[in-house]
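Engineer: Sequence:
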Amino acid sequence: YGFPVDLTADIARERGLTLDMAGFEREMEAQRERARAASHFSVDEGLAVDVDGSTEFTGYERLRDESTVIALFQDGRSVETLGREESGVLVLDHTPFYAESGGQVGDAGRIWLNDKECFVVEDTRKQGGVHLHFGRFRGDVLRVGDQVRPEVDARRRRRIALNHSATHLLHAALRRLLGEHVQQKGSLVEPERLRFDFAHFEPVTREQLLEIERLVNEQIRNNYVVETRIMSLEDARAAGAMALFGEKYGDQVRVLRMGDFSTELCGGTHVRAVGDIGLFKITAESGIASGVRRIEAVTGDRAVEWVEADEERLLRVAQAVKAGRDEVDDKVRHLLESNRRLEKELERLKAKLASAAGSDLAAQAKEIDGIRVLAAILDGAEPKTLRETMDRLKDKLGSAVIVLATVKEGKVSLAAGVTSDQTNRVKAGDLVRFVAGQVGGKGGGRPDMAQAGGNDPDALPGALASVEGWVRERLEA
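The opening residue of the sequence shown carries number 1 in the working numbering; numbering runs sequentially from there.
It is worth saying that the hints were derived from the structure and are not from the lab. Every residue gets a Cβ at the ideal spot worked out from N, C-alpha and C, and that includes glycine. Each statement offered as a hint is correct.
Quick list of in silico lysine to aspartate or glutamate cross-link-like pairs, EDC-like style, CA-CA up to 16 angstroms:
#, residue 1, residue 2
1, LYS411, ASP458
2, LYS442, ASP456
3, LYS394, ASP421
Label pairs and their computed distance ranges (CB to CB):
#, residue 1, residue 2, range
4, ALA320, GLY469, 50 to 56 angstroms
5, LEU233, ASP301, 34 to 40 angstroms
6, ASN114, PHE201, 55 to 61 angstroms
7, THR8, TYR60, 32 to 38 angstroms
8, SER87, ARG149, 18 to 24 angstroms
9, SER87, THR205, 46 to 52 angstroms
10, ASP421, LYS331, 54 to 60 angstroms
11, ALA465, LEU335, 43 to 49 angstroms
12, LEU233, LEU210, 35 to 41 angstroms
13, GLN208, ALA320, 29 to 35 angstroms
14, ALA465, THR205, 56 to 62 angstroms
15, LYS331, ASN424, 56 to 62 angstroms
16, GLY410, ARG214, 46 to 52 angstroms
Between the sequences and the hints, there should be enough to build the whole structure, so can you do that?
Structural biologist: This is the structure:
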């Protein structure tokens, strides 16, 4: 559906610009005319073909019908027959199969020939005035002019109806709870889920989502009868029916009403009463563009399955923390707080041990031209403790050049330090880059303190062994 035109107008207005709405409407109408071309349409690769007649949709009243094949297509070409296991597109004079439109996916099902299943419909789309049934032929031969019996997959259609009707309830709930500025910007209605995009200026909070969910489920329990009427567009607007912004409607429109809660223009398939939806459950909320939010949800059996899965997860957590269901949140909170305290204590002990180990390392330093040189690994030390240990070693050794290293989860952390009285002769940044280059890393820093990382722990002992020679060369230069 592209970037919403009303948001484009808002942005233009903020910048002192105006939107050519008349031009926009002209181009939109031209596009709709191209889509409405009933006698010529493109199938695959843009091939234009002729179809005599159009398809009458009978799927509001029934899921089965008696029909005549008026056209067949294969690989973008018009054909007279389809053979066994051949994929193709079938056009009927009338059909109960709903074609993809208004966010609702097309119907699937079967087509029978001589009381035998002959064509599996995988998708239904509309081009101009005809419905295109995409699928695979299972019989011996199918010909233009054959009398067939199309049959919609009733279970799939029902799931789609649950989600489509729930989308209308969701739209009305959003406008009541978030404000009249909420406008539909797109939707997807499938058997498994629904997705609804709408204009809103900020993320929907968890509390708001719960309130929206409660309001929709309250309407489901009210079990309003879903009423549909064909009326003039003028009468529909007078009755308060919501229309999609920017959508072009004919003189006669289909109005869908759910009690006093929702009235919209809609050509999709729906439940007979909203109680059929059973349960509505929001599964996600996100932003998809500036000023456009998206809500995803499930209904009916899928919503029950979602709740059951949540219950199962809660039960597993309760068992893991050895708490009753009503005590899980308190127990988990207590465990997390306890874990944080233990982690802090562990960090303190590690730092203490590393510091002690660092102090012991002072005895390993070698003297070169009056400077103590030390390069060592601190086993088990956290990377952030290297600097603390470095400061203690500087104080203890006096004039010194030091490189400390530790390895954690296969990654090398390095720290190089030079006492301030020697930074004119040796730079910590140069030293740490020299060592890091040997362990597959890089780094840098100040003349007195520098840090680096690497990803080759096996090369670390050799790299540290080379420090003494590197320092000696600098001092003799």
